[in-house]
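S.K.: Residue numbers (numbering that gives the first Met the number 0), protein chains in the order written: chain A, 0 to 397; chain B, 0 to 114.
Since the hints were derived computationally from the structure, they do not count as laboratory data. Any given hint could turn out to be false.
[Stated by the list, open to error] With a cut-off of at most 30 angstroms between alpha-carbon atoms, the simulated DSBU-like pairs for lysine-lysine come out as follows:
hint : chain 1 : residue 1 : chain 2 : residue 2
1    : A       : 102       : B       : 81
2    : B       : 78        : A       : 106
3    : A       : 102       : A       : 85
4    : A       : 85        : A       : 106
5    : B       : 81        : A       : 34
6    : B       : 78        : A       : 102
7    : A       : 102       : A       : 34
8    : B       : 81        : A       : 85
[Unchecked claim] To give a feel for the contact side, a few chain B residues facing chain A, derived at Cβ under 7 angstroms:
hint : residue
9    : 23
10   : 56
11   : 60
12   : 62
13   : 63
Virtual Cβ for every residue (Gly too), placed ideally from N, Cα, C.
The primary structure of each chain is shown beneath.
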Amino acid sequence: MRILIAEDERITRASLARHLQSWGHTVATAEDGDKALALFRADPPDIVLTDWEMPGLSGPELVQRIREEQARGFVYIVMLTGRTDKSDVVRGIEAGADDFLSKPFDKEELRVRLLAGERIVRLERALGLQNQELRAAGERMRADLRAAARVQRAMLPRSVIATPRVRTEWRYAPTDELAGDGIGLHLIDDRYLIAYVFDVSGHGVPAALLSVSVTHAVSPVPAETSMVRCAPGGSMGSVRAPHLVADELNRRFPSENNDGHFITLGLYVLDTFTGRVEAVRAGHPLPFHIRGGIPVTVDDEGGLPLGVCEGIPYDLSGMQLQPGDRLCIVSDGLIEQIGGPGPSPKQFGVDRIAEVLARPGELPVVGDAMITALERWADSRTFNDDVSLVLIEWLGPP
Amino acid sequence: MPDTFNRAELLERVDHDMDFLAETVEMLVTDGRSLLADARAAAVAGDAPALGRAAHALKGMISNFCAAPAQDAALAVEKIGKSGDLAPSGAAIDTLHANLESLISDLQSFVRGGA
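Please put together the full structure from these sequences, using the hints given.
M.R.: What follows is the structure, encoded as structure tokens:
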């Protein structure tokens, strides 16, 4: 151990130094508190042995100054004193001393107290190293999470779709760095709009990884291997019927293979030439259908979430849009956000969503209004759950 | 055999290193006498805190030599300094002086192998 002795009386100082050196320690000595502090700063020791009364900084003052500089690492401090009053001991402990040794010191007592100090120094150092390793591991994990989040963000729609027949908008607010929600908007053959929102149960890395897998599975490219594409000639051209996509996803992502995580999905295909919508809903909230600012009842029983029951077939549902109709697909994070005025927080709920959707304005205005309304409801810019929102407006046939 | 210090305890304390003991005795001669002079000057000046500090330092120094009589004499002067009543300080310092000189003399003899 490297030990600093702060002692103004040179016989005690020499005697201490001699004993410590004979026990294998490296010793530095200071004849007053100020010099001791300077030596401490220049080369922090493992242990400080300090007298109580010294010229310049007193022992308790020196201890306090050393403790104020804890960033230099842990130092075990023993105060040498002829004082035995309780108030003196309290003052020394309050200043930050770890132990006391009476003067004249007993050689054996000094040796064993230093052994105890040495054990504590080694434990503190080991703890410090472990903390460093934990911090480094935490930083690596955060960097990995940031990289994973970038990958997830890259899978979001690159832009909105705007053609003479259809306009789209989307909003996406993950509650953590990594989200379990996924959204997609794709225009196929310049006619068929594929829109979906899905939500992987749970949060964190497992849910996010499954979310990425599902996003890849429902990607329409490359067409040859895509789950949502088929040979041209179907009712929606080269877009596979949504309920068949759900059947395939249900087969491919059983919850028992994914740590119990299941997936809810709302998948909608709009023929932008006719306004016809084909859809499948697997445990996902009902969409909102707005006509002339008034919600239209959507009749769709839907099916179980994907992955919870092997082999069950999903039903195809459909609806007919009229020019100017809007369709809004949301995740449950929007509906179930807790907040509101009063002492009993409530869910944001479908009625408030419908009220915002009914407001006049272009789709971007409505999208922003929805997020603003939700933030006010939550009284926060972060939400309880991932929030996803896809807005579609069919403008009419060509 | 001198009764100013405990020879066995002192030898144990210095690990029977007579050279080191001789060095510390020389320190006592210079520093001890200097501190005693400080104490006397403080008493003459009526500076009780300074008297207490000098006697406290001298007591700590003497304690290295397992010398109970001189240590007790230093403690008596320290107490006078801390009490603020310097009336008995002259006699107490004289006693301390006598004890210190006896100790120095006996220690010097001891390290020379004379006792």
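S.K.: Starting from the hint list further up, note which numbers the structure goes against and sort them upward.
M.R.: Of the numbered hints given earlier, the structure breaks none, since each of them holds.
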